[in-house]
Amino acid sequence: KNEVEQSPQNLTAQEGEFITINCSYSVGISALHWLQQHPGGGIVSLFMLSSGKKKHGRLIATINIQEKHSSLHITASHPRDSAVYICAVPSNSGGSNYKLTFGKGTLLTVNP
Amino acid sequence: NAGVMQNPRHLVRRRGQEARLRCSPMKGHSHVYWYRQLPEEGLKFMVYLQKENIIDESGMPKERFSAEFPKEGPSILRIQQVVRGDSAAYFCASSPLDFYNEQFFGPGTRLTVL
Chain B
4 KNEVEQSPQN
14 LTAQEGEFIT
24 INCSYSVGIS
34 ALHWLQQHPG
44 GGIVSLFMLS
54 SGKKKHGRLI
64 ATINIQEKHS
74 SLHITASHPR
84 DSAVYICAVP
94 SNSGGSNYKL
104 TFGKGTLLTV
114 NP
Chain A
48 NAGVMQNPRH
58 LVRRRGQEAR
68 LRCSPMKGHS
78 HVYWYRQLPE
88 EGLKFMVYLQ
98 KENIIDESGM
108 PKERFSAEFP
118 KEGPSILRIQ
128 QVVRGDSAAY
138 FCASSPLDFY
148 NEQFFGPGTR
158 LTVL
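Top line first, the protein sequences correspond to chains B and A.
The first sequence runs 4 to 115 under my numbering.
The second sequence runs 48 to 161 under my numbering.
These aren't lab readings, by the way, just hints derived from the structure by calculation.
On a predicted model such as this, the values are computed, not experimentally measured, just so you know.
Honestly, I wouldn't trust all of these hints.
[Said to hold, decoys possible] Label pairs and their calculated CB-CB ranges:
(1) Ile68(B) with Leu144(A): 14 to 24 Å
(2) Gln97(A) with Glu20(B): 41 to 51 Å
(3) Arg125(A) with His41(B): 22 to 32 Å
(4) Lys58(B) with Lys118(A): 35 to 45 Å
(5) Pro55(A) with Arg83(B): 20 to 30 Å
(6) Arg83(B) with Glu99(A): 34 to 44 Å
(7) Gly44(B) with Asn148(A): 21 to 31 Å
(8) Ile123(A) with Pro82(B): 37 to 47 Å
(9) Gln97(A) with Ser53(B): 16 to 26 Å
(10) Val47(B) with Glu115(A): 24 to 34 Å
(11) Gly19(B) with His57(A): 32 to 42 Å
(12) Lys91(A) with Lys57(B): 24 to 34 Å
(13) Met73(A) with His59(B): 15 to 25 Å
Glycine is no exception: its CB is placed at the ideal position from the N, C-alpha and C atoms.
Hey, can you work out the whole structure from these sequences and the hints?
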């Protein structure tokens, strides 16, 4: 079973700062997901990536398959980026890619 | 193109009642996944369904919980004789295929058991 560790658990930043959230997993995977959840809100899929880097607006996700590590970066952070960011990977039990194991999430607070 | 829809968004039940949670996948998606998020805990996989088939229900509690995805209509997660410990946010996600495909999440149903 894949184990997922996220760091930091909590992160407070000032508006405009560059943010990095890290995710490590224990078993090789086909793809990794980054999700965003606002308090009391739904879940938005930000990225699914299997290699290299993806960029969407101010968000950048990178993955190093050999090191089993991924990072989510936010450039020029804004208070509306305040949310929980969750990393998810396939559980890898029986070869299934659909059964996701989730990290505990990183609570990001961006102050104006 | 509407996203994944879930209803109701909030559901309050008394102990012993039944809860029915509905999930309509995105248009063109035939795979549905249900997840549960207990208070102060991470998301946990419950069940994976395709139209008229349960593919993997390894994350479902053995009793009182069932799920279906009929040929027509939304997927239903049913919880019979609810208990306080069932209070959680239940999310569904859908994808066009399972392998190497992104799962798109719905807004969730927040179940409160009194």
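Checked against the structure, which of the hints given earlier come out wrong?
none
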